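Number of protein chains: 6
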Amino acid sequence: MKYPKDTLTIMTELVQIKDANNLGNLHGGRLMYWMDICSAIAASKLAESPVVTASVDNVSFHEPINVGDVLTIESKVTRTFRTSMEVYLEIWVHKDYGKRKVKSNDAYFTFVSLNNEGKPAPLNLELIPETDHDKKLYDGALRRRQVRLVLGGRMKVEDANELRALFFHDK
Amino acid sequence: MKYPKDTLTIMTELVQIKDANNLGNLHGGRLMYWMDICSAIAASKLAESPVVTASVDNVSFHEPINVGDVLTIESKVTRTFRTSMEVYLEIWVHKDYGKRKVKSNDAYFTFVSLNNEGKPAPLNLELIPETDHDKKLYDGALRRRQVRLVLGGRMKVEDANELRALFFHDK
Amino acid sequence: MKYPKDTLTIMTELVQIKDANNLGNLHGGRLMYWMDICSAIAASKLAESPVVTASVDNVSFHEPINVGDVLTIESKVTRTFRTSMEVYLEIWVHKDYGKRKVKSNDAYFTFVSLNNEGKPAPLNLELIPETDHDKKLYDGALRRRQVRLVLGGRMKVEDANELRALFFHDK
Amino acid sequence: MKYPKDTLTIMTELVQIKDANNLGNLHGGRLMYWMDICSAIAASKLAESPVVTASVDNVSFHEPINVGDVLTIESKVTRTFRTSMEVYLEIWVHKDYGKRKVKSNDAYFTFVSLNNEGKPAPLNLELIPETDHDKKLYDGALRRRQVRLVLGGRMKVEDANELRALFFHDK
Amino acid sequence: MKYPKDTLTIMTELVQIKDANNLGNLHGGRLMYWMDICSAIAASKLAESPVVTASVDNVSFHEPINVGDVLTIESKVTRTFRTSMEVYLEIWVHKDYGKRKVKSNDAYFTFVSLNNEGKPAPLNLELIPETDHDKKLYDGALRRRQVRLVLGGRMKVEDANELRALFFHDK
Amino acid sequence: MKYPKDTLTIMTELVQIKDANNLGNLHGGRLMYWMDICSAIAASKLAESPVVTASVDNVSFHEPINVGDVLTIESKVTRTFRTSMEVYLEIWVHKDYGKRKVKSNDAYFTFVSLNNEGKPAPLNLELIPETDHDKKLYDGALRRRQVRLVLGGRMKVEDANELRALFFHDK
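Chains as they are written, first to last, in the numbering used here: chain A, 3 to 173; chain B, 3 to 173; chain C, 3 to 173; chain D, 3 to 173; chain E, 3 to 173; chain F, 3 to 173.
In isolation and in its complexed conformation, chain A is listed as follows (with noise of 0.2 Å):
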């Protein structure tokens, strides 16, 4: 048995010139490089166990991160499945050394336990929601699977029960 908590995983990670574009705008793809390494270390916390990335839900960049730049990115495990698992992410951008934070975005990416040969094995351990947060987090995590199953094609729209009240939650 394990808690949300135990899978928190911070990274800090300093915007150089190597990550970003031209005009000193961090590429889009390198933040979702340190989010993945980020998010599978909260995975593997839980499973105990290596895991590969499964699926990346939306992700949208509002505030402009630029070089210099301090970004903090927390994630935690929300919820398990059978071989996989759904890992919450919240990305903070610190800017002028500090003295301002936004955040920048959040996120969620799912991950499979594997075995030692690579294959896909059960998750045994159950995960417990603690804080109000945590409970949100859990509860919101079958609807956001039947969205991407529904999106990934893998899942009748007239099946996702959870995904309806998504979408039309005054029904």
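Worth flagging that the hints you see were computed from the coordinates, not collected in a lab. It is possible that some hints are incorrect.
When chains are identical, the list treats them as one kind, so a pair holds in a single copy or across two.
Claimed, not checked - Straight-line Cα separation of at most 20 Å, DMTMM-like style, residue types lysine to aspartate or glutamate; simulated pairs:
1. K97 to E164
2. K7 to D98
3. K103 to D8
4. K97 to D8
Remember, it's a predicted structure, so these values are computed and weren't measured experimentally.
Please arrange chains B, C, D, E and F on chain A, whose structure you already have, making use of the hints.
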């Protein structure tokens, strides 16, 4: 005036040990990094300006990718909006020194065109879909845009007519 | 006025094959690189300016660190001087996917605050040690500074009162 | 049996600041690195085995290449020998976000096919030149091979009939 | 039996933009990374085995190092102990395309020799100091070792006779 | 006035896993990258200005180079022309922790001196060959220059007197 094929960008990457975890699986984040560069080049060709990543749609990784595999990433712009444009990517994995070729996944990235001060710049170029595939991508772009706006909390479901068509296509 | 906790910087790094030698041992120099970035960010938060590394105290590596291990580096400023400041770092190794956590080592880095021309700039911020641990670090900072000056040949031993206390604490 | 087009490998690279010197000129060595990877992939497709670089013919860089330019490298096998094969590369520079496209240079790399022990392995595949350009490359391959052998001190000039044709084509 | 000169390792590095912060100052950690590789190679030459970094003595950076500067790092083993050995490094900065050459700093790194299982292995090679400089380094090595042990909390000050000589040389 | 030895540049590189393919063979392109940096530094010392790679002569790789090997690259300018200069490189492989040292290959790179606007700048420095080896390299430089010009299609064979001497030395 431009055609999608004018923006076609083909990238080939050899999966090296430095790109993979200890089991030899390519990091999902490394693939996202390559996808971002490849689609940013396609977007830049359309905009004839620097661009910055605005969003990444849901991406799923089905096919295991290993050290020694060769990836090809093909990207082209599907449709332009006021200052942003959508890019479609298709990723193929070549295994066993090219003897087997399997589709890894496809994806949609959105970019914003920037002026020299790094501010969003209107796209004054018309993009004309040419082939049937181009037209299908062009038509779907509005729907996917609404998914992004709804998932990003910037549009209400009841205003997302195209989205309803996506999820409830039988209606 | 700031507290040490305002400068706290937490970095997590996955030890990858590219960071290690052929036996899978993390290069000491790669760890030093991460320690430098982490402590520079902490120093920058205090100074609210760019900083440059002035010195690194004696660092010992006891715990073998291997590919697949996860490192956490925590750093915070302990004390400021005229244009320089000392940062304390603590490094932990998480082995077996987080099942075992052992302390790797701790270290002290010193940074100089720079103005926009890249010249040393006075630190006008007061740092107030808050916790007992902060105070202990604050008190020891003078002593460690004298060690640096004596080892660097810039202070005579007979002028290093604090240093004598360090080595001959019974006096 | 294979055609040169079966080995065609197209690589696109964005020239980033990390690839250039302080004046923004792409390092020649970085371009050579990309050319090597691109042509090694083409050779691997032909050999269906790992390969190792045996030689690089004289390469000249005429066109200045700068940060922000996009490079495309196209490579295909021209001819096979017992355990080695020659690959032809063509490098294009796309400037001003694709508005101008200029040829940078072309080059010939030679690779040796390896078995699983890393020893040279005979190439049992026949390569059939298809287009006029393929045939011209195929025919010239013997001549270029003699240049390599003579320049490398492994063949006497008087035995290099093809080479004499290259340098004294009017005879 | 070997001489220090048998382990001499000379490394030249061009300081590139990717190695520096936004003001163009070389990251101290990047320099430490290079120093570690250079001294590890020297130690490996002595031990004829893989080695792992055990400790780094106090390092001070006096001379500002900028993008475009060229660094030379020279390292050689000074003395061996049971399974460990000390390496001396001297770092020079070449500015203005080699017109000015200034000493950046010197340093001492300690390495442990490893066997094929990655365990500490006894050094059975005798190192004979040859020049006056070699002999001075050889003689000082015991003293520096005691500093490391005392600073690392593994030796009591009262047992560190050599150390007393270092700090209280008039006694 | 300068001597070739004034431009001597010695680089040592440890071949790491990230530099090699799956069989542990160093990528030829990685070696070319290092050769380019090393010879560019030598050229910069002569020119006292930034330089850009103009051409690379035919390079053959004979000796297999593996992960764990140590490379030393030595380069020095052989002769100057109006705005360009030729650099000679010699590459050695140190195997088994330095127990065996074998010559990998040698090569010639040509660089153009640049002014601050990045345009070719005349070399006003005289280079005086000093040793017999220097003189041999100096004398051969004209011949090799003609090979480059003929192979690059910028000189007719009948004008290349020195080249004829190279290939038909008995005449």
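Hints versus structure:
{"no.": "1", "hint": "K97 to E164", "verdict": "neither (38 Å within a copy, 38 Å between copies)"}
{"no.": "2", "hint": "K7 to D98", "verdict": "between (30 Å within a copy, 18 Å between copies)"}
{"no.": "3", "hint": "K103 to D8", "verdict": "between (26 Å within a copy, 13 Å between copies)"}
{"no.": "4", "hint": "K97 to D8", "verdict": "between (29 Å within a copy, 15 Å between copies)"}
Comparing the model with each numbered hint stated earlier shows that hint 1 is the single one that does not hold.
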